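Chemist: Heads up: the protein sequence lines correspond to chains F and W, in order.
If you count the first sequence from 1, position 48 lands on 48 in my numbering, and the numbers rise without skipping.
Count along the second sequence from 1, then add 1000; that gives the number in my numbering.
FYI, nobody ran anything at the bench for these hints, they're computed from the structure.
Please read these numbers as outputs of a predicted model, since none were measured by experiment.
Wrong hints could be hidden among the right ones.
[Claimed, not checked] To be clear about the criterion: a stretch of chain W counts as covered by chain F if any three or more of its residues have a C-beta under 8 Å from a C-beta of chain F, and this derived list gives those stretches:
| # | region |
| --- | --- |
| 1 | 1015–1028 |
| 2 | 1071–1081 |
| 3 | 1096–1110 |
| 4 | 1209–1223 |
[Said to hold, decoys possible] SDA-like, lysine to any residue: derived pairs with alpha carbons at most 25 Å apart:
| # | chain 1 | residue 1 | chain 2 | residue 2 |
| --- | --- | --- | --- | --- |
| 5 | W | K1218 | F | S145 |
| 6 | W | K1218 | F | E144 |
| 7 | W | K1218 | W | S1138 |
| 8 | W | K1218 | F | H138 |
| 9 | W | K1218 | F | E137 |
| 10 | W | K1218 | F | A133 |
Note that beta-carbon positions come from the ideal geometry of N, C-alpha and C, so glycine has one too.
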Amino acid sequence: MLTKKISNWMIAAAIIFGVAALTPDNAQAQDTGIDFCVSCGMFSGECDEGGPGVNDICVWGEWGGVDWCVSWGRDFCDPRFPRTRSASIGADGAIVQERTFAAATSDATEMPQSMSNHIRDCSSRIVARAYSADEAEHMRRRTESIVI
Amino acid sequence: MMTESGRHVLPAHVVVRGGALSPRGDASLFWSGDTVWIASTRHAEVRAVCPERVRAPLGAAFVGAPAAGRAPAIEIIDGGIEGEEEPRLIRFADGQCRDTAWSGPDPSLPIARDASGWVSDFEVPIAWSDSAVISVSSGPRGIIVSSRRFPFAWATAADGDSRSAAGRVPAGNESYYGNDPWIGTGVFALDSGFVQVLADLASDRRDLVFYDSSGAFKRRRVIDVPFGILDTAPDRRQLLALRRTDRVEILTYEWTWQPHRAGK
């Protein structure tokens, strides 16, 4: 129990720092056991286990049978951020913030190896994702050779 | 056909910002927000470049053609700690790291290095003015500037003014609507044209869009893996790429051309 609590705490912290500064003024989580799309002002609950940080608006959800604290933070709700800030896109063409989440799920012992999940915002953009080992291997094989 | 010929694995949390192939094709350089690495294309070893000096790399490149038996010099533009340090140029040569104050163009803008040096002050066509977000890459015909937004226009800029090739995704060819979450991550030179990478922020789909040497659209290939191109060496038909699954991988590909069937 203690191990799980610590692990979840670390994951939550990683997500809080990782999944921030996104764009639209509402947000949506899908495929996580929770399914909603509400305005930022309707977010309730504070991540009392998520550690201190700038992102104090969060929701709890379930991912692969594990409770998660998913925080988009205040910045996520700030419409002043342009939609396609160059800084938010990595060279792999994905939103940068998800990388922290993927790293966290890879390290989570509770993460079932057969699970792959995506969390999306209300524009259907993926803001976090994780792949199973099998799926990742399949993706590698598919791109060892590419017909151009 | 692009065939993977080398692979370096990085932890999943690393966010790669860019990369470069060495002049001889025997090494690659890639960087994140706080580290620059160098790797041999023949060995698995990856090591940080000047880790005691690099803080926030904005760009990095191999410089010049080294003499036989010597490693090429590396230049890194480093933004320093925000609010505390000024941008610097870090040069790594003969095993030594030296840094000097940066006196070149604004390094906070997209920046690339060609034979004449670092360039960031690009003349962007008026038609792109509503898509100020651009990507830059260097090719044998000069810097290539591309819009990250629909219709993903791009142009080569041999000397910053004259453009010898220009292209864009043709209207009606595909539904990359302006409001859809697609983004262009760069255009790169091939030996017989150019390739552009378009990424769907709502899925794993990446489109490789091919153009001929004048910039005319030729075809498109779809892959469903988070993937990006970092650099190309057209003379060697070598390509440096990034793939992210449950880890981050820096990949070297070699390409050959085969007759292709009419498709997408």
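Chemist: Look at each hint and say if it fits the structure.
Modeler: Okay, the hints, checked on the actual structure:
Counting residues of the region 1015–1028 of chain W whose CB lies closer than 8 Å to any CB of chain F gives 5, which reaches the minimum of 3, so the coverage claim holds. Look at the region 1071–1081 of chain W against chain F: 0 of its residues bring a Cβ nearer than 8 Å to a Cβ of that chain, fewer than three, so the hint is violated. Coverage of a stretch by a chain is defined here by at least three residues with a beta carbon nearer than 8 Å to that chain's beta carbons; for the region 1096–1110 of chain W and chain F the count is 1, and the condition is violated. Restraint check on the region 1209–1223 of chain W versus chain F: 3 residues with Cβ-Cβ distances below 8 Å, three needed, restraint holds.
Taken as a hint, the K1218 of chain W and S145 of chain F pair is honoured in the structure, with Cα atoms around 20 Å apart against an allowance of 25 Å. Taken as a hint, the K1218 of chain W and E144 of chain F pair is honoured in the structure, with Cα atoms around 23 Å apart against an allowance of 25 Å. Note on K1218 of chain W and S1138 of chain W: the hinted pairing holds, with a Cα-Cα distance of about 21 Å set against a maximum of 25 Å. A threshold of 25 Å between alpha carbons decides the hint, and for K1218 of chain W with H138 of chain F the separation of about 29 Å lies outside it, so the pair is violated.
Restraint check for K1218 of chain W and E137 of chain F: not satisfied, since their Cα atoms lie roughly 31 Å apart, outside the 25 Å limit. Between K1218 of chain W and A133 of chain F the alpha-carbon distance is near 36 Å, which puts this suggested pair outside the 25 Å criterion.
Checked against the numbered hints above, the structure violates hints 2, 3, 8, 9, 10; every other hint is satisfied.
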